[in-house]
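Protein sequence lines correspond, in order, to chains B and S. Taking the numbering used here, the leading residue of the first sequence gets 1, the next gets one more, and so forth. Taking the numbering used here, the leading residue of the second sequence gets 1, the next gets one more, and so forth.
Hints may contain errors.
As the list claims (entries may be wrong) - What the simulated footprint calls covered on chain S by chain B, stretch by stretch (three residues with Cβ under 8 angstroms from a Cβ of chain B suffice, anywhere in the stretch; the number is not a length):
#1 28 to 35
#2 38 to 52
Unchecked claim - To give an idea of the chain B side of the interface with chain S (calculated C-beta under 10 angstroms), a few residues:
#3 Thr15
#4 Thr78
#5 Arg80
#6 Ala139
#7 Val140
#8 Ser144
Honestly, the hints are just simulated from the structure, not real lab data. Just so we're clear, the structure is a prediction, and the values are computed from it rather than from any experiment. Cβ coordinates follow ideal geometry from the N, Cα and C atoms, glycine included.
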Amino acid sequence: MPAALDEIIEELRDTDRQERIELLIDMAKRLPPLPDRLAHFKDEAHRVPECQSPVFLVVEIDGDRVRLFADAPIEAPTVRGFVAILVEGLDGATVEEILTLPSDLVERTGMPEILGMLRVRGLHGVLGRMKMMVARAAAVDAASRDRAN
Amino acid sequence: MSGTYARPEALVSADWVQEHLNDPKVRIVETDEDAALYHMGHIPGAVEIGWHLQLQDQLRRDYIDVPRFEALCSAAGIANDTTVVFYGDNANWWACYALWAFQLFGHKDCRIMDGGYALWKAEGRPMTTEIPSPTPTPYKVQKADEAAIRAFRDEVLAHAKAGRPMIDVRSPDEYTGKKLHMEGYPQEGALRGGHIPGARSVPWKRAINADGTFKSADELQALYEGEIGMKPSDDVVAYCRIGERSSHTWFVLKYLLGYPKVRNYDGSWTEWGNLVRVPIALGEEPGKI
């Protein structure tokens with residue numbers, strides 16, 4: 001797991017429920033807005049369908065690194081906070097690092113203790129969708145490099 | 001707006017709440033979908049009651065028991081005669097659910113703040129992140145009449161067989177059976193899609209305006225009585241997926257339209273869609289048994 005993400009998870013794990021919520025809110029407030037050049041990607045194709053709130057993910061491949069951008073409403077701080085964890089912890093990671101993220105990442109961040117087991121579905125959706133988009137973007141990138149060769 | 005709500009006292013405005021912020025007989029309770037929202041800022045003096053971790057039993061699929069409910073109220077500074085006003089996100093979904101749960105234990109004076117969290121915030125009313133520590137109150141559950149407002153699966157089956165009115169408040173795709181469970185998340189899913197035979201589809205959201213407030217009595221009547229032909233004398237069961245959205249419709253029918261007999265089937269689709277051998281209807285037609 002990328003060190004940046006590992007660090008965030010460590011920090012979250014070291015807290016009780018109340019502190020974890022505070023941390024999550026801090027993360028949610030820190031999530032940078034989508035850059036203007038990507039603002040038009042707030043569309044259905046970039047929306048996470050598993051989330052009730054409008055959550056948008058944009059993935060770019062830059063050399064061997066993944067650039068990650070996201071938007072989620074501040075009125076849904078839990079999901080926005082989780083998205084912010086992914087952006088802060090994974091922006092600049094390699095494709096390989098993202099595709100091999102453990103499938104229990106949501107549990108490792110301690111979200112079930114905040115949300116209860118019932119409502120972590122949307123977060124799994126965010127993680128699954130992000131992996132899928134990274135895989136797709138990497139494939140498109142590889143194909144375009146093949147063509148260029 | 002000619003008609004008025006049947007039990008207008010059950011719905012209070014944001015103005016009313018603001019005027020009663022320091023009223024010792026009133027306790028404001030926030031119940032949200034998003035577990036962190038309360039901590040971002042809430043109505044001054046409001047306590048948080050979580051629908052899942054606080055109102056539900058964590059082992060058995062049920063609500064907390066009487067001693068735990070009493071302890072919860074006591075810690076929240078709610079006495080038997082306290083006016084409890086619920087509000088929350090998602091146009092008061094969970095607020096209605098919490099109100100319904102409080103009614104399971106027979107708490108007398110429960111109300112909803114119209115418009116919920118979003119309207120309070122949009123109007124720029126006071127908010128704080130300060131978490132109140134109420135003085136514990138004595139609380140003793142008096143007379144709980146769960147059977148009057150809660151339906152269990154066998155009762156729902158009998159209800160369906162008798163052809164009595166039922167409302168499915170989920171989205172149209174869930175009703176027709178197009179949407180099953182989410183791939184990969186069996187803990188949230190049902191094995192079959194569709195609806196309980198005879199249930200009419202009225203998505204819960206149709207009862208609210210764009211700002212999250214409830215529609216007028218006339219509009220609600222046109223919806224439930226005009227469109228699907230229900231009558232106040234009907235014995236009605238409402239359900240959704242786990243009983244939260246249907247609490248919202250339950251509140252509308254019971255308090256705003258004044259139907260005396262409305263029950264919420266909290267087992268809802270996560271129970272029915274997993275039960276062996278119960279009948280299910282597919283598609284847009286209500287169907288029948």
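Next on the checklist: Just to make sure I understand the rule, a stretch counts as covered if three or more of its residues have a C-beta closer than 8 angstroms to a C-beta of the chain. Does the region 28 to 35 of chain S meet that for chain B?
Outcome noted: holds (count 3)
Next on the checklist: Using C-beta distances, would you say chain B covers the region 38 to 52 of chain S, given that this needs three or more residues below 8 angstroms?
Outcome noted: holds (count 4)
Checklist entry - Does the nearest C-beta of chain S fall within a distance shorter than 10 angstroms of the C-beta of Arg80/B? => result Result: holds, 9 angstroms to nearest chain S Cβ.
Item to check | Restraint outcome when Val140/B is required to lie within 10 angstroms of chain S by C-beta distance | outcome: It is violated, given that the least Cβ distance between Val140/B and chain S is near 24 angstroms, above 10 angstroms.
Checklist entry - How about Ser144/B: closest beta carbon in chain S under 10 angstroms, or not? => result This hint is violated: Ser144/B lies away from chain S, its Cβ roughly 30 angstroms from the closest one there, beyond 10 angstroms.
Next on the checklist: Interface hint check: Thr78/B, Cβ to nearest Cβ on chain S, cutoff 10 angstroms. Holds or violated?
Outcome noted: With a closest approach of 5 angstroms, the Thr78/B hint holds.
Item to check | Evaluation of the interface hint that places Ala139/B against chain S, nearest CB under 10 angstroms | outcome: violated, 21 angstroms
Next on the checklist: Just to be careful: measuring from the Cβ of Thr15/B to every Cβ in chain S, is the smallest value less than 10 angstroms?
Outcome noted: violated, 13 angstroms
Violated hints, listed in ascending order, are 3, 6, 7, 8; each of the other numbered hints is respected by the structure.
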